[in-house]
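First to last, the sequence lines map onto chains A and B. Mapping the first sequence onto the numbering used here, position 312 (from 1) lands on 345, and the numbers just tick up by one. Mapping the second sequence onto the numbering used here, position 250 (from 1) lands on 251, and the numbers just tick up by one.
There could be a bad hint or two in this list.
[To be verified] Taking beta-carbon pairs under 8 Å as the criterion, some of the chain A residues facing chain B (in silico):
# : residue
1 : R228
2 : S310
3 : G314
4 : I357
[Claimed, not checked] Negatives, chain A to chain B, calculated, CB over 12 Å:
#  : residue
5  : R74
6  : H75
7  : G96
8  : A100
9  : P161
10 : F162
11 : L195
12 : L281
13 : L284
14 : L331
15 : V375
Just so you know, these hints were derived from the structure itself, not from any lab. Every value quoted in this text rests on a predicted model; they were computed, and no experiment measured them. Backbone N, C-alpha and C fix where the C-beta goes; we use that ideal spot for every residue, glycine too.
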Amino acid sequence: MRDEYVARGPDSGAVSGRLWEGNNGMAMQSNPAGGTSWSLRHALGRLSQEEVVAALTVVLLIGFALALPGFATTANFVDLVRSISKLGILGLGMGVIVISRGIDLSEVAIMAGSWCVALAAIPRGLPPFWAAVTALAICVAIGLANGVMVAFVEAPALFVTLATAFVIYGAAYWVAAAFVVYAPQDAPGLVFAGRGALHGIPMPILVFAAAALIMHAFLSRTSIGRFIYAQGDNPDAARLTGIALRPLTVLEYVLVAALAWLAGLVWIGETGNMQMSIVQGTAIFDVILVVVLGGISLVGGRGGVFSVVVGCALIGTLLNALTIMNVNSEVQNIIRGVVLLVAIILDNWLHPRDEETARQGD
Amino acid sequence: MFSERTLTTLSAAVALSALTCGPIVAVAQEETGTKTAHELRADYDKNLKGKTIAFLPIATGVPLMDEWGTVIKTEAEWSGMKFTIRDPNNNPSAMQQALTALVDEKPDVIVVQNPSVTLLQKELKRAEAQGIHVIQMNMSSNYKSDAFVGADWFEVGRILAEDVVKACGTGSGASGEVQIVQGELTAAASVDQIAGVMDTLNKDKAIKVVSNQAAQWDANNALNITATVIQQHPDLCASIGFWGIMQSGAAQAIRNAGKIDKVKVYASGEGSQLDCDQINQGNFYKFLSYTAGEQGRDAFLAAVALLEGDAKPGSSHREYYTRPMWLDKTNASGANCYAVLKPPTPTADATAKK
Numbered sequence: 034m035r036d037e038y039v040a041r042g043p044d045s046g047a048v049s050g051r052l053w054e055g056n057n058g059m060a061m062q063s064n065p066a067g068g069t070s071w072s073l074r075h076a077l078g079r080l081s082q083e084e085v086v087a088a089l090t091v092v093l094l095i096g097f098a099l100a101l102p103g104f105a106t107t108a109n110f111v112d113l114v115r116s117i118s119k120l121g122i123l124g125l126g127m128g129v130i131v132i133s134r135g136i137d138l139s140e141v142a143i144m145a146g147s148w149c150v151a152l153a154a155i156p157r158g159l160p161p162f163w164a165a166v167t168a169l170a171i172c173v174a175i176g177l178a179n180g181v182m183v184a185f186v187e188a189p190a191l192f193v194t195l196a197t198a199f200v201i202y203g204a205a206y207w208v209a210a211a212f213v214v215y216a217p218q219d220a221p222g223l224v225f226a227g228r229g230a231l232h233g234i235p236m237p238i239l240v241f242a243a244a245a246l247i248m249h250a251f252l253s254r255t256s257i258g259r260f261i262y263a264q265g266d267n268p269d270a271a272r273l274t275g276i277a278l279r280p281l282t283v284l285e286y287v288l289v290a291a292l293a294w295l296a297g298l299v300w301i302g303e304t305g306n307m308q309m310s311i312v313q314g315t316a317i318f319d320v321i322l323v324v325v326l327g328g329i330s331l332v333g334g335r336g337g338v339f340s341v342v343v344g345c346a347l348i349g350t351l352l353n354a355l356t357i358m359n360v361n362s363e364v365q366n367i368i369r370g371v372v373l374l375v376a377i378i379l380d381n382w383l384h385p386r387d388e389e390t391a392r393q394g395d
Numbered sequence: 002m003f004s005e006r007t008l009t010t011l012s013a014a015v016a017l018s019a020l021t022c023g024p025i026v027a028v029a030q031e032e033t034g035t036k037t038a039h040e041l042r043a044d045y046d047k048n049l050k051g052k053t054i055a056f057l058p059i060a061t062g063v064p065l066m067d068e069w070g071t072v073i074k075t076e077a078e079w080s081g082m083k084f085t086i087r088d089p090n091n092n093p094s095a096m097q098q099a100l101t102a103l104v105d106e107k108p109d110v111i112v113v114q115n116p117s118v119t120l121l122q123k124e125l126k127r128a129e130a131q132g133i134h135v136i137q138m139n140m141s142s143n144y145k146s147d148a149f150v151g152a153d154w155f156e157v158g159r160i161l162a163e164d165v166v167k168a169c170g171t172g173s174g175a176s177g178e179v180q181i182v183q184g185e186l187t188a189a190a191s192v193d194q195i196a197g198v199m200d201t202l203n204k205d206k207a208i209k210v211v212s213n214q215a216a217q218w219d220a221n222n223a224l225n226i227t228a229t230v231i232q233q234h235p236d237l238c239a240s241i242g243f244w245g246i247m248q249s250g251a252a253q254a255i256r257n258a259g260k261i262d263k264v265k266v267y268a269s270g271e272g273s274q275l276d277c278d279q280i281n282q283g284n285f286y287k288f289l290s291y292t293a294g295e296q297g298r299d300a301f302l303a304a305v306a307l308l309e310g311d312a313k314p315g316s317s318h319r320e321y322y323t324r325p326m327w328l329d330k331t332n333a334s335g336a337n338c339y340a341v342l343k344p345p346t347p348t349a350d351a352t353a354k355k
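One chain only, chain B, in its complex shape (with noise of 0.2 Å):
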């Protein structure tokens, strides 16, 4: 239809606006943006802006609390909020109090981890009645808040114990004896990870579980148990330990024993380079990271979720499990071990009372 020369000044005029008006178009959208990218924002800024964001932890200065509390800090601010902290110095009755005083100041969000399922069951609830949104991280109380965010302890048990299982169980021509190291036997982060492991260790015959006992999250306990344990039992297999700082102690008594590398050290913790140490050194023989950054990040997204949503405080139940990742001396470097910081500190005009 077009004769050649036609289709030739076209493609010309086609190119000639191309470069012409090409970045008439260009600068116009530098200067605007596009519509959509500013009512998102606007919206995002709208939720979250100016919001406070409370973090209270059992203790600070632990790796897992510090690291949750630096990334939740981090993306608070970014966001435009206001983050507050509370440290009760693992005193239950100050932790009561921090509560109290928090629940009164009315920040939007608190984000909060319990020592055991019952200590601030009342206060959380009353939280929510005033309007607050409570997330609880890692230790769950027997009430329900807006968000539970954390690892699924049953699950962290089961896949620590069927490692266990193709290790020393039935085919593996090892001796089936196995120690385990409880933290507390009242926090939740023991109960629900000892039910997993013996749930799963009780479906072999062949393992037989030479001790089970507590040493209160304490490396030195943990030390001069397993030193008993090595030389009742010094066809150990596998020691299990529910925390990496207490299994520290007793990897290094069954080190001192000269045993490390015939019985295979287990632990579940948060991997910090502090854990990732401990792999690469020889200590432990796996360990699986509950991935704390990830869960202050999932606790911050939580936070998110509940501003920009329309629930009322305790009229919803979210739920964002942490995927356990198994560590050993292949991985156990780089991202996959966080570094272990200061304490956050609160933002400066989070501490005024509103």
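So here's chain A without its partners, still in its complex pose (with noise of 0.2 Å):
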């Protein structure tokens, strides 16, 4: 069973791409008229869709790179990575959650809330470092909580998570009754994920990397990233092979929450500050929208970190470029919903819904 896994393990999108061939095959003996079309089909079906996304970034960075002046340093490579690196760990979060075929709203939410609090508490005589502390702990609780409700009271994962995330808008402002809230100037310590750099790489890239491996290590290396993949292809056989699948859920949601705190941290070091109205905007969609866009399969036990920092780097190259261009952000948010649909249509056309991956409404 373990080595079925590790075959649909983060390159799974290189498996379907194959199982793919061999449907192809078929459809050609039934439709030998099928032409170049099919070909170029064939052809873009043998890569997974990390891989269409990691090639059309690289042509998108030539272009840039040719046309746009100040596009290729070194330093503005450096800031490209660095600003898709919180939401690169709250992707990674989601990553997991999507792969074992469920989904956390409230990702963004528990990391405002819980840092919004905690940072609210400083000026009152917490020490940073507890603060810290303090932010973890209220994340992980809503996380424990968050699972729980999905996976005991077998809640829908959406509006659970939805729920939670309104519970922590308003909680967390009657709380720290803050529209912002800013990191103290005096704990080098508590900004120094945000805001520190080490051999030049400042350290957001650092966190995002480390968190990235570790994650990967995770998913692909131990037998609980093997059962939250196995969750996410067929949660009925999952349960029939014997793995415990309520408290794999609610560890699921508890990792999400932890990431969150990571990128909480970042955030705060970063920009100075926690402001409860991210919660309000799209930042939550953003975050599914790199997750998507890698080839985490919203069906779930598909892609893996690889999927989340090629959906980061399409995304983060094409935001650099438009600023640059002094293309105005409401035009930046036009291009980045066309990206998700090109995406969603071309993983369509890539790799059709059949009865394994269908589900209810597809």
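Two chains, two frames, a set of hints: combine them into the complex.
As structure tokens, this is what we get:
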């Protein structure tokens, strides 16, 4: 069983690509006049979505480097990667939960709420270290609550986490009662993860890289990680093979919350504040965008850490270039939406729904 | 004419009468006071006491709107009025519904902040047709109601830009490169402010606007845009932001790039302690405050004028413009920075429907 799930691991897109190759063989027999469009799809179908997105990113990078003065510099590249680090860390958490066939719409609220409450306590005498611990404790508690509601009460994750987001938003306001909470100026340790640098590399990049490596090892090299893929692939089969799905689900939601805490730690250092209003913005959809874009399918069991990385890279490249071109952020939103649509359509074209992946509503 | 003795006797008598009668007169005044004072207050009470003032901001929990609400509530309750508040929480359709419900409850005055120039237009007209005075705060709709209270955004933009031209323009020896961080392109506060800024900046050939983008009032968006801009334009002279809380993100990006002492960060805003902290930490070079507390008081005074006046709702227009005030390290303290408070709650019996 284990080997089977290794094959379904982070490079599962490639696996489904090969499966698709088989299907295509039959399609060609029934329709030999398919011609060139079929072979293009056939050739692209061999690629996983990660590889398509990665290739697209490289094409864009080369294009911008040739056409846009000031784009192809080391400093700009560092800035580009730095700007997607927080989104990437949040994406790692969302990735895990989507792989398990769940979703967590409260991730941004967990990040903002826990850190708002913790930062607001600092001026009242809480030492920065204990503020960070408090934020982590709040995150874990919310993750536990989400997990228990989904796993044991068996409420749909979409509604549970949507409701949790509202509760967190209200509760954080009630406790912290501030539209924006600023990070303390005299706590270098607390803001280091967002503001510091090692050998000239900004800390947010290093934190994202470390988190990505750890999550990759967790998902592809540990049994629990394999179980998460098994759960996303086919929950009933996973349960029948003896995986304790309920505790596993709780663990997943706690993991998302812990990564939200980490993203918050970077966020407060980098921006110097935490603003509850981000909960009401499109931040959570940006997170889902990079996850889905990179090939972590909403049907579960597909994609991996590399998906999040390439999804972030594509979005980061686009946004960086558009900012250099002085394109307004409203137009940037349109382009972001179009990119997501294209990714979804491309995914459908390359990997059509079949009995295995179809779900109610498809 | 009078002998010295008579004079002495007279003055003694005057002194005596003053000693004896004085307290009697004084006592009489303590008991009843002057007639005028009574009449003035009676007139004030007749017009105000028991009346209801409703406040409908875009959202509560924001320092600007909470300060308005708190000042209006404090003043209204002191004068014997009832205060009520609705929180649509940034949701335009919730705001429309809240206004419709408010109009049906028929308060005497509605103080409203418009998220756009058209959203509430019709409903505000209906309110005045129903006999409710409407005061629009800071962001007006296309409908001119009984009163407008707030900043003249074109003027705010012009004052910001004039200082930037002085610091970065011809003869300053600086690069002349300027970044502008707008709020939301559709909000009146952004539209008029950018008009004032560009009108002034365009007059100086040395000024070059290298980036003019909207950050949706969000500090993190401002940070990401500015991190790229400062990297592409290391000689940036000034950054202008249309709201303090958003612009703190731009300032942080410039600080992260190690350029906070070289780039002059400007912002306009309500002037809360949060803004003053940014000034005192050296993030903001100069801050143009439109003093939210004064605006709240202006709104209440506009309500008093409307309730005491004879003009029917919808028949007159009054304007109460706010005088913007520069804040920098020399004066960003004390009364110039108001403390951030919790959102106000309605007066206990104002929640009951009429």
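Right, here's what the structure says about each hint:
1. Restraint check, A:R228 versus chain B: the minimum CB separation of about 6 Å is within 8 Å; hint holds.
2. With a cut of 8 Å, the hint placing A:S310 at the interface with chain B holds, because the nearest CB-to-CB distance is about 7 Å.
3. Satisfaction of the interface hint for A:G314 is found here, the shortest Cβ-Cβ separation to chain B being roughly 6 Å, below the 8 Å cut-off.
4. A hinted interface residue such as A:I357 counts as satisfied when its beta carbon comes closer than 8 Å to some beta carbon of chain B; here the least separation is about 6 Å, so the hint holds.
5. Every CB of chain B is more than 12 Å from the CB of A:R74 (nearest about 37 Å), matching its label as outside the interface.
6. Non-interface status of A:H75 relative to chain B is upheld: no Cβ of that chain comes within 12 Å, the nearest being about 40 Å off.
7. For A:G96, the non-interface assignment is confirmed: its Cβ lies about 18 Å from the closest Cβ of chain B, beyond the 12 Å cut-off.
8. With 12 Å as the threshold on Cβ separation, the claim that A:A100 sits away from chain B holds: the shortest Cβ distance comes to roughly 15 Å.
9. With a least CB separation of 17 Å from chain B, A:P161 remains clear of the 12 Å interface cut-off, as annotated.
10. For A:F162, the non-interface assignment is confirmed: its Cβ lies about 22 Å from the closest Cβ of chain B, beyond the 12 Å cut-off.
11. In this structure A:L195 is separated from chain B by more than 12 Å, as the shortest Cβ-Cβ distance comes to about 15 Å.
12. For A:L281, the requirement that its beta carbon stay farther than 12 Å from each beta carbon of chain B is met, with the minimum near 33 Å.
13. Remark: the non-interface label on A:L284 is consistent with the geometry, its nearest Cβ contact in chain B lying 29 Å away (cut-off 12 Å).
14. Here A:L331 stays apart from chain B, with its beta-carbon at least about 26 Å from theirs, past the 12 Å limit.
15. Distance check on A:V375: its Cβ is at least 23 Å (rounded) from any Cβ of chain B, clearing the 12 Å threshold; non-interface status holds.
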